[in-house]
Amino acid sequence: MSVPFLKEAAAAGSDDKLITFVRLHLGDGNEEVGRREIDKSWIQAVKILLQYQPTDGDFIEQVLQRDEATLALLYFSLHFYLIRKSGEWIHDGSR
Amino acid sequence: MMEAVESLKQDPRETGEQLRGGLWHTINQRYPGSMITKADYVPLARLSKPLHQSRVTLISSCGVHLKSDRPMDVCHPLGDFTFRRVPSGAKHADLIIHQLKYPHDDADLDINVIFPIERLQELAAEGTIGGLTANFFSFIGYNMDPERFEQTVAADIANAVVDERADVALLAPA
Chain A
1 MSVPFLKEAA
11 AAGSDDKLIT
21 FVRLHLGDGN
31 EEVGRREIDK
41 SWIQAVKILL
51 QYQPTDGDFI
61 EQVLQRDEAT
71 LALLYFSLHF
81 YLIRKSGEWI
91 HDGSR
Chain B
1001 MMEAVESLKQ
1011 DPRETGEQLR
1021 GGLWHTINQR
1031 YPGSMITKAD
1041 YVPLARLSKP
1051 LHQSRVTLIS
1061 SCGVHLKSDR
1071 PMDVCHPLGD
1081 FTFRRVPSGA
1091 KHADLIIHQL
1101 KYPHDDADLD
1111 INVIFPIERL
1121 QELAAEGTIG
1131 GLTANFFSFI
1141 GYNMDPERFE
1151 QTVAADIANA
1161 VVDERADVAL
1171 LAPA
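Line order of the protein sequences matches chains A and B.
Take the first sequence: its position 79, counting from 1, is numbered 79 in our numbering, and each next residue is one higher.
Take the second sequence: its position 70, counting from 1, is numbered 1070 in our numbering, and each next residue is one higher.
Bound-form chain B, shown alone (with noise of 0.2 Å):
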């Protein structure tokens, strides 16, 4: 018994310790100007109505998509420039992790620590949010172009978003 809450105390899922120490401190020797600094930050929106009036999607860089869809180009060493649409009546038999840059064997096993879209789901079902867009979005963190990125990914899913209506977007970096 004590050897098993000793091993709970090592596993970084209990201690909240990082899972590959020491791997955000040396991100800038290994990946030389990766980490990136803006002037320009776009204001945050304040909320124009309640949330439970409002109509919520989900925008993460998870890399999760449809089992049905084409998965994101995991090989390309410059990243992949697309996103993924992710119905938000999806559930987590439908989806899958294409992303090899970060462990995600827990958000195999439960989506929702990675991709909340069944909690969404259920806010939604008990009227705490107003609704959800017909669409949630995805696309993989790992990139090495972040202009581009921000031209080409960043910009359509902003536009889908619109499209879609969005009062509220929840960010869930992977």
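Only chain A is shown next, with the shape it has when bound in the complex (with noise of 0.2 Å):
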């Protein structure tokens, strides 16, 4: 999808063609992947959480602090890295 695209559908409201265009992002182009993708990530990161680890929260109110584009773009990164530590990974180029 174009920005150009993107930018009138968040206009418009369209929320779910926004939503649409990360599914396909995280899903390599199949929305329904992107989708299981979306919720591994979240499985993910649950699962480790119930391990109750140590966790930095002096890190985290450091990092909130950053700007939104940044903050943004962590999440899309923090998806990826939960679906890769999830163990099954379909992003490495194989196909």
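Worth flagging that the hints you see were computed from the coordinates, not collected in a lab.
Treat the hints with care, as some may be off.
Residues from chain A that face chain B, not an exhaustive set, calculated with beta carbons under 10 Å [as the list claims (entries may be wrong)]:
| hint | residue |
| --- | --- |
| 1 | V3 |
| 2 | P4 |
| 3 | F5 |
| 4 | F80 |
Covered by chain B, according to a simulated footprint, are these stretches of chain A (three or more residues, beta-carbon under 8 Å) [unchecked claim]:
| hint | segment |
| --- | --- |
| 5 | 21 to 31 |
| 6 | 45 to 51 |
Calculated cross-link-like contacts (lysine-lysine; reagent style DSSO-like; alpha-carbon spacing at most 27 Å) [unchecked claim]:
| hint | chain 1 | residue 1 | chain 2 | residue 2 |
| --- | --- | --- | --- | --- |
| 7 | A | K17 | B | K1038 |
| 8 | B | K1091 | B | K1067 |
| 9 | A | K7 | B | K1038 |
| 10 | A | K7 | A | K17 |
| 11 | A | K85 | A | K47 |
| 12 | B | K1067 | A | K85 |
Since the structure is predicted, the reported quantities are computational estimates derived from the model, not experimental observations.
For glycine and all other residues, C-beta sits at the position ideal for the given N, C-alpha and C.
Join these two chains into a complex; the hints should help.
Here it is, written out as structure tokens:
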């Protein structure tokens, strides 16, 4: 989806088009795969937190002071990170 | 033996079929607005000197770069608006493909199938081409903002190619 298309969707409140775009991105062009990949990242995040390992709240506080654009990209990066950590990684360039 | 032959026939690498069938035909449905048309093409320049006297550069959207370089941003949903210089003397072992959007397991085995750097080194060594620019150029083809891409990455690479005094640019899409 081109940026003009996405901007138009955002301005019109067409959230369905925006989330479709996100799913296509995480699903390498397959919306259903993308939906599963997003779910995987959240599932993995919960699994990690269930281990009750120490967390760094100060670091999170500092990170959240950063600009929104960096945080939004970090959000995408964390999704990919957690998907990889889940052990089922389809984005390795293999067919 | 027959089974082996049959499996080879099914392998898209052997049949030449698209690895992801139907992908291209549905791309504008799945990515509305991503297919663009341009009316103001830059005309191709005619070769001003024989190939064996020409300095050749290589430009690819395959997302290859030196292992020591900062990786491409494959997470950004709109694309990475940067490019990487790849020393033309680099070997396969020096390079890595950082890209999520196309299958590159064959290219991982032999980088030359998508970024023919060692073939160009050979052509330069045997005198078929006059030489190579010091660097080749690589970027990620996945990009949702063709206009910005043209104004940034494409313009920057074009300037770099001029700086490196290339006579010929080989474009290798991924």
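Here is how each hint holds up against the structure:
Interface hint status for V3(A): upheld, as the beta-carbon distance to the closest one in chain B is roughly 4 Å, under 10 Å. Interface hint status for P4(A): upheld, as the beta-carbon distance to the closest one in chain B is roughly 6 Å, under 10 Å. A hinted interface residue such as F5(A) counts as satisfied when its beta carbon comes closer than 10 Å to some beta carbon of chain B; here the least separation is about 4 Å, so the hint holds. Look at F80(A): its Cβ gets to within about 5 Å of chain B, closer than 10 Å, so that hint holds up.
Taking a C-beta to C-beta cut-off of 8 Å, the segment 21 to 31 of chain A contributes 7 residues in contact with chain B, enough for the three needed, and the coverage statement holds. With a cut-off of 8 Å between beta carbons, the segment 45 to 51 of chain A has 0 residues touching chain B; three or more are needed, and the interface restraint is violated. For the given pair, K17(A) sits about 25 Å from K1038(B) by alpha-carbon distance, which is consistent with the 27 Å threshold. Between the alpha carbons of K1091(B) and K1067(B) the distance comes to roughly 11 Å, so the proposed pair stays at or under 27 Å and holds.
Of the pairs offered as hints, the one joining K7(A) and K1038(B) holds, with about 21 Å between alpha carbons and a cut-off of 27 Å not exceeded. Of the pairs offered as hints, the one joining K7(A) and K17(A) holds, with about 10 Å between alpha carbons and a cut-off of 27 Å not exceeded. Distance check on the hinted pair: K85(A) and K47(A) sit about 11 Å apart at the alpha-carbon level, within 27 Å; holds. For the hint linking K1067(B) to K85(A), the alpha-carbon distance of about 22 Å falls within 27 Å, and the restraint holds.
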